[in-house]
Amino acid sequence: MIEVISEVYMRIRGIIDEPAIMTILWVLASLIAWTTKVRLVSPQEKHFLLWLIGISGLVLYPATLGLSMWDPYRYGYDPVGLLAVYGCIALWTAVRGYWASLCMLLAATLAFAFQLKTSINYWDYLLDPMLVIYSWFALLRLGYGRAYSGRSPEVRARVR
90 MIEVISEVYM RIRGIIDEPA IMTILWVLAS LIAWTTKVRL VSPQEKHFLL
140 WLIGISGLVL YPATLGLSMW DPYRYGYDPV GLLAVYGCIA LWTAVRGYWA
190 SLCMLLAATL AFAFQLKTSI NYWDYLLDPM LVIYSWFALL RLGYGRAYSG
240 RSPEVRARVR
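The numbering used here applies: residue 90 is where the sequence shown begins, and numbers increase by one.
One or more of the hints may lead you astray.
[Claimed, not checked] In the SDA-like style, the derived pairs of lysine to any residue whose C-alpha atoms are separated by at most 20 Å in a straight line are: (1) 206 - 108; (2) 206 - 98; (3) 206 - 102; (4) 206 - 116; (5) 206 - 101; (6) 126 - 113; (7) 206 - 168; (8) 206 - 100.
Since the hints were made in silico from the structure, they are not lab data.
All chains should be modelled from the sequences, with the hints used to inform the complete structure.
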(Lines of atoms letter the chains of each structure in order from A and count residues from 1; the text may use other names and numbers.)
(Lines give C-alpha, C1' and ligand atoms only; values in the text may rest on other atoms or scores of the structure.)
Protein backbone atom coordinates (compact mmCIF):
# COMPACT_ATOMS: atom_id res chain seq x y z
CA MET A 1 0.00 0.00 0.00
CA ILE A 2 2.80 2.41 0.88
CA GLU A 3 4.49 1.67 -2.44
CA VAL A 4 1.29 2.58 -4.30
CA ILE A 5 0.91 5.84 -2.38
CA SER A 6 4.58 6.64 -2.99
CA GLU A 7 4.21 5.93 -6.71
CA VAL A 8 1.10 8.11 -6.98
CA TYR A 9 2.83 10.90 -5.06
CA MET A 10 5.88 10.77 -7.33
CA ARG A 11 3.73 10.85 -10.48
CA ILE A 12 1.77 13.86 -9.22
CA ARG A 13 4.97 15.57 -8.11
CA GLY A 14 6.44 14.93 -11.55
CA ILE A 15 3.57 16.84 -13.10
CA ILE A 16 3.08 19.75 -10.71
CA ASP A 17 6.34 19.72 -8.67
CA GLU A 18 6.39 20.71 -5.01
CA PRO A 19 3.92 23.39 -4.00
CA ALA A 20 5.34 26.89 -3.77
CA ILE A 21 5.57 28.58 -0.38
CA MET A 22 2.95 31.08 -1.56
CA THR A 23 0.61 28.20 -2.42
CA ILE A 24 1.04 26.58 0.98
CA LEU A 25 0.35 29.87 2.77
CA TRP A 26 -2.62 30.68 0.49
CA VAL A 27 -4.19 27.29 1.23
CA LEU A 28 -3.47 27.69 4.95
CA ALA A 29 -5.11 31.14 5.04
CA SER A 30 -8.10 29.77 3.11
CA LEU A 31 -8.46 26.83 5.49
CA ILE A 32 -8.33 29.15 8.50
CA ALA A 33 -10.97 31.39 6.94
CA TRP A 34 -13.15 28.42 6.05
CA THR A 35 -12.95 26.68 9.43
CA THR A 36 -12.91 29.63 11.83
CA LYS A 37 -14.60 32.38 9.79
CA VAL A 38 -11.58 34.60 10.57
CA ARG A 39 -10.34 36.33 7.43
CA LEU A 40 -6.58 36.72 7.36
CA VAL A 41 -6.79 38.22 3.88
CA SER A 42 -9.18 41.09 3.18
CA PRO A 43 -11.12 41.10 -0.12
CA GLN A 44 -8.97 43.98 -1.42
CA GLU A 45 -5.80 42.13 -0.48
CA LYS A 46 -7.12 38.95 -2.09
CA HIS A 47 -7.71 40.83 -5.34
CA PHE A 48 -4.18 42.24 -5.13
CA LEU A 49 -2.72 38.76 -4.58
CA LEU A 50 -4.75 37.29 -7.42
CA TRP A 51 -3.49 40.01 -9.77
CA LEU A 52 0.11 39.66 -8.56
CA ILE A 53 0.09 35.89 -9.01
CA GLY A 54 -1.82 36.07 -12.30
CA ILE A 55 0.49 38.65 -13.86
CA SER A 56 3.60 36.90 -12.55
CA GLY A 57 2.33 33.68 -14.09
CA LEU A 58 1.65 35.42 -17.40
CA VAL A 59 5.21 36.71 -17.39
CA LEU A 60 6.78 33.41 -16.37
CA TYR A 61 4.95 30.46 -17.87
CA PRO A 62 4.36 31.34 -21.55
CA ALA A 63 7.99 32.39 -21.94
CA THR A 64 9.21 29.31 -20.08
CA LEU A 65 7.19 27.10 -22.40
CA GLY A 66 9.11 28.52 -25.36
CA LEU A 67 6.58 31.03 -26.66
CA SER A 68 9.21 33.78 -26.69
CA MET A 69 12.97 34.12 -26.91
CA TRP A 70 13.10 35.78 -23.48
CA ASP A 71 13.29 33.37 -20.53
CA PRO A 72 12.40 34.99 -17.20
CA TYR A 73 12.86 31.67 -15.37
CA ARG A 74 16.64 32.04 -15.62
CA TYR A 75 16.45 35.20 -13.49
CA GLY A 76 15.37 33.01 -10.59
CA TYR A 77 18.77 31.32 -10.37
CA ASP A 78 20.59 34.58 -9.59
CA PRO A 79 17.61 36.60 -8.40
CA VAL A 80 19.12 39.98 -7.52
CA GLY A 81 16.80 41.84 -9.91
CA LEU A 82 13.87 39.60 -9.09
CA LEU A 83 14.42 40.15 -5.36
CA ALA A 84 14.51 43.90 -5.98
CA VAL A 85 11.20 43.80 -7.87
CA TYR A 86 9.46 41.66 -5.27
CA GLY A 87 11.11 43.69 -2.50
CA CYS A 88 9.47 46.82 -3.91
CA ILE A 89 6.17 44.95 -4.08
CA ALA A 90 6.65 43.87 -0.45
CA LEU A 91 7.28 47.49 0.58
CA TRP A 92 4.14 48.54 -1.26
CA THR A 93 2.14 45.84 0.55
CA ALA A 94 3.46 47.14 3.89
CA VAL A 95 2.44 50.69 3.00
CA ARG A 96 -1.04 49.48 1.99
CA GLY A 97 -1.38 47.38 5.13
CA TYR A 98 -1.61 44.07 3.27
CA TRP A 99 0.08 42.12 6.04
CA ALA A 100 -0.82 38.64 4.81
CA SER A 101 0.68 39.43 1.39
CA LEU A 102 3.79 40.80 3.04
CA CYS A 103 4.12 37.67 5.18
CA MET A 104 3.68 35.44 2.12
CA LEU A 105 6.37 37.28 0.16
CA LEU A 106 8.74 37.34 3.13
CA ALA A 107 8.16 33.64 3.86
CA ALA A 108 8.88 32.74 0.23
CA THR A 109 12.03 34.87 0.26
CA LEU A 110 13.26 33.43 3.57
CA ALA A 111 12.53 29.89 2.39
CA PHE A 112 14.60 30.63 -0.72
CA ALA A 113 17.42 32.11 1.36
CA PHE A 114 17.56 28.98 3.52
CA GLN A 115 16.93 26.62 0.54
CA LEU A 116 13.98 24.88 2.24
CA LYS A 117 12.88 23.31 -1.06
CA THR A 118 14.87 21.17 -3.44
CA SER A 119 14.82 23.91 -6.08
CA ILE A 120 17.45 26.63 -6.28
CA ASN A 121 15.21 28.93 -8.32
CA TYR A 122 13.37 31.80 -6.61
CA TRP A 123 10.38 31.48 -8.96
CA ASP A 124 9.68 28.01 -7.54
CA TYR A 125 9.22 29.52 -4.09
CA LEU A 126 6.81 32.17 -5.38
CA LEU A 127 4.68 30.39 -7.98
CA ASP A 128 3.56 27.01 -9.09
CA PRO A 129 1.23 26.11 -11.96
CA MET A 130 -1.72 25.23 -9.73
CA LEU A 131 -1.65 28.59 -7.93
CA VAL A 132 -1.34 30.50 -11.20
CA ILE A 133 -4.19 28.58 -12.83
CA TYR A 134 -6.33 29.14 -9.74
CA SER A 135 -5.63 32.88 -9.84
CA TRP A 136 -6.47 33.10 -13.55
CA PHE A 137 -9.81 31.36 -13.04
CA ALA A 138 -10.57 33.43 -9.93
CA LEU A 139 -9.83 36.64 -11.85
CA LEU A 140 -12.05 35.51 -14.73
CA ARG A 141 -14.81 34.71 -12.26
CA LEU A 142 -14.43 38.10 -10.57
CA GLY A 143 -14.55 39.87 -13.93
CA TYR A 144 -17.58 37.89 -15.05
CA GLY A 145 -19.32 38.55 -11.74
CA ARG A 146 -18.73 42.27 -12.01
CA ALA A 147 -19.88 42.42 -15.61
CA TYR A 148 -22.91 40.26 -14.92
CA SER A 149 -23.96 41.99 -11.67
CA GLY A 150 -24.08 45.40 -13.34
CA ARG A 151 -26.83 44.33 -15.74
CA SER A 152 -30.48 44.96 -15.20
CA PRO A 153 -32.76 41.98 -14.38
CA GLU A 154 -34.25 42.15 -17.89
CA VAL A 155 -30.84 41.83 -19.52
CA ARG A 156 -29.88 39.01 -17.15
CA ALA A 157 -33.06 37.15 -18.10
CA ARG A 158 -32.21 37.47 -21.81
CA VAL A 159 -28.66 36.21 -21.25
CA ARG A 160 -29.90 33.02 -19.59
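Structure-based check of each hint:
1. 206 - 108: Since the Cα atoms of residue 206 and residue 108 sit roughly 9 Å apart, the hinted pair holds (cutoff 20 Å).
2. 206 - 98: Answer holds: residue 206 to residue 98 is near 16 Å, not above 20 Å.
3. 206 - 102: At roughly 13 Å apart (the allowed maximum being 20 Å), residue 102 and residue 206 satisfy the hint.
4. 206 - 116: Holds. Residue 206 to residue 116 sits at ~18 Å (cutoff 20 Å).
5. 206 - 101: 17 Å, holds
6. 126 - 113: Measuring from Cα to Cα gives roughly 19 Å; hence the hint holds.
7. 206 - 168: Given pair residue 206, residue 168 holds - Cα atoms ~16 Å apart, limit 20 Å.
8. 206 - 100: 18 Å, holds
Hint compliance for this structure: every hint is met.
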